[in-house]
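Visitor: In case you want the letters, here they are:
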Amino acid sequence: MDAFTLISRAQASYVRVIDDGPIEDWPEHFTDDAFYKVTTADNHRRGLPAGVIWANNKAMLRDRVSALKEANIYEPHAYRHLLGQPAILSEESETVTSETSFLVIRITGNGPTDVFASGRYLDEYSLAGGKALLTRRVVVCDSSRTDTLLVLPL
Amino acid sequence: MDAFTLISRAQASYVRVIDDGPIEDWPEHFTDDAFYKVTTADNHRRGLPAGVIWANNKAMLRDRVSALKEANIYEPHAYRHLLGQPAILSEESETVTSETSFLVIRITGNGPTDVFASGRYLDEYSLAGGKALLTRRVVVCDSSRTDTLLVLPL
Amino acid sequence: MDAFTLISRAQASYVRVIDDGPIEDWPEHFTDDAFYKVTTADNHRRGLPAGVIWANNKAMLRDRVSALKEANIYEPHAYRHLLGQPAILSEESETVTSETSFLVIRITGNGPTDVFASGRYLDEYSLAGGKALLTRRVVVCDSSRTDTLLVLPL
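Residue numbers (our numbering), protein chains in the order written: chain U, 1 to 154; chain W, 1 to 154; chain H, 1 to 154.
Any given hint could be a false lead.
[Claimed, not checked] Which residues of chain U face chain W? A few of them, derived with a C-beta cut under 10 Å, are:
no.: 1; residue: T5
no.: 2; residue: R16
no.: 3; residue: N56
no.: 4; residue: M60
no.: 5; residue: L103
Hint data in this document are derived by calculation from the structure and do not stem from the laboratory.
Backbone N, C-alpha and C fix where the C-beta goes; we use that ideal spot for every residue, glycine too.
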């Protein structure tokens, strides 16, 4: 399977566990020492290192899932991710970098469905073993209104 | 062609005939004895069997197209489906199960464009003959406001 | 690589340069004598030839980029394109026709994110040299409110 198809499949699985569960599988889309950051387009453009959310290994991502569940602020079935197709930027041996646009829709009980977040993933994937795992994901949110970014994984 | 690509192509064709016509081709994306149901996330989670819309063969889907056209409530070019990539859950011989997120946008004459529906397809595909046909599609809508779900195929 | 994957990759690259830059790379997704038109579903259905935007070679597309930059009305990072998967309609030697749905989200500084445009691309691709380049793209916008269509490439 080519890199494009492997990454497409991995992305589909990634958003599925966030939107429909089990959310515990979300960290399993990363390598053990993966880097993960959520930031805003404005901060990213200005080269500011600080992110809204930050992790540099899989254990931290698992902690984040536990925190979300304990705080009871993560509610599956209330969000829907839609991803664009990955733009493959480089392929070197088993390491592939790509960018992918995303859109997250929020579904409220009786109110309207609205656009919750949009942006792009700046990714580095390892394709070792015929499976695409994230070694690095920087989530760049288009909007700078970051208060709402803490309630679910992006 | 691999299962992912075959299913991706089938999905693209599926939404095209709904959004841009000919709507008569919509049932042709199913096998003769396919099962089709539209339900809500809430009903689906609670295991309630009843769906908003229900069919267990292709002839019923054709009847539905006729009914929509006669009632004049189906208006092509007024909706736009956007699908995520299929998450392949199992592949066994020529039978593949997958899940795919969807988003439907409604375009009104002079008013704003808004999000009409979102959710996911729980699918079983037959890949016999090098073509992906649905043997089963359960459409799980995120919102429980089902009154609006009757006006177009999902 | 099959036509579906080649076109999917080209589309991902196309929307990336519009949304995140460099916008100068947008014309490079077309062949030298490519035809490009933006029109509305209503005009397209009635067979009206006039389009909102029109070009019949790559140089005109480059001029358009220059004009947008000079007029300062193009602002990257303020829009986000989401594309559906391409529906392949015909494959003949190295020429492939396809249709793809699109959705464009507009991000405003402090206001809400909303749906800016939706519609479909009617495309003809050349796959010569193992790369998908547009020889023809007709952008059919769902809405007839065309005043807003002039601010960014679609």
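Visitor: Next, verify each hint and record whether it holds.
Guide: Structure-based check of each hint:
no.	hint	verdict
1	T5	6 Å, holds
2	R16	5 Å, holds
3	N56	27 Å, violated
4	M60	25 Å, violated
5	L103	8 Å, holds
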